Structures are given as structure tokens and as C-alpha cells.
Amino acid sequence: TSLNFGDVVYDNTKVTVTDSPTQSLSQALTVKLNTFLGEWFLNNEIGVPYYQQIFGKVRSKSAIDIIFQQQISSEPGVLEITDFLSDISSGRTYSLSFRVRTTQNQITETITINVGA
Numbered sequence: 257t258s259l260n261f262g263d264v265v266y267d268n269t270k271v272t273v274t275d276s277p278t279q280s281l282s283q284a285l286t287v288k289l290n291t292f293l294g295e296w297f298l299n300n301e302i303g304v305p306y307y308q309q310i311f312g313k314v315r316s317k318s319a320i321d322i323i324f325q326q327q328i329s330s331e332p333g334v335l336e337i338t339d340f341l342s343d344i345s346s347g348r349t350y351s352l353s354f355r356v357r358t359t360q361n362q363i364t365e366t367i368t369i370n371v372g373a
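Positions 257 to 373 (the working numbering) are the ones given, in order, by the sequence shown.
Keep in mind the hints are simulated off the structure, nothing from the lab.
Be aware that one or more of the hints could be misleading.
With a straight-line Cα cutoff of 20 Å, these simulated SDA-like cross-link-like pairs (lysine to any residue) come out [what the hints assert, rightly or not]:
#, residue 1, residue 2
1, 317, 307
2, 288, 329
3, 288, 337
4, 288, 335
Source: prediction; values computed, not measured.
Using the sequences and the hints given, assemble the complete structure.
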């Protein structure tokens, strides 16, 4: 029997967290981009500056894109962003989808983040 919860796969008695370094990087980026700056009590310098620079501010989509691109590029293991698409809906929901090339010259699967949904 195998159960898949997105981050962890339970296969009988064997627990698999990720299948590859590329999946590990994708998981790290997903966690990073879903963490608010100052949210983690052990290190308040980790996370995206949602309250400080995104929410409640008059920011253009391109300014928000730059914030996320900087966050993605600063993650260890990321060589470059190969694909980046973003959108702000009429309800002010920001979504982005991207892929990166790893320092091991592999391309991640598409990673999607929705903010404000």
C-alpha cells in the first residue's frame, strides 16, 4: 500500500521523503516561498517579506515578480530560473509558476505558488 501526501510517500513500512535532489530543491523552494519573513521563531530572517513588501503596498506586478525571483535565485542549489510566469487576478490573488536549473544541471518540474488564495 502506498500513500502520497505531497511531501512524504508512505509505502508499507518504507518512508520516502523525496526521490531525487531535484525534488528536494523543489520542496525547499515551495517551503521557502510559503514562509512569511519572521514567521519561523528559530530564524526570523527566513521567508518572503509578504507583510513588509507585498501585502498592503501599492506594488506593480513586475516589482512583486522581482521579489520572488530574488527569493528563488538565492536558494542554494539554484543555478538559474528557466521559466517564470505570474499573474495577479482581479481578486488580488498572485500566482506564479516556475522551473529552475539546478547546480547539477537538472531542470525541476514546474513549481506553482498561490498567494492570497
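Hints, verified against the model:
Proposed proximity of residue 317 and residue 307 is supported: the alpha carbons are some 16 Å apart, at most 20 Å. As the CA atoms of residue 288 and residue 329 are separated by approximately 12 Å, the hinted pair is consistent with the 20 Å bound. At roughly 16 Å between alpha-carbon atoms, residue 288 and residue 337 fall within 20 Å of each other, so this suggested pair holds. In summary, the hint linking residue 288 to residue 335 is supported, as the alpha carbons are separated by about 17 Å, within the 20 Å threshold.
When held up to the earlier numbered hints, the structure conflicts with none and fits them all.
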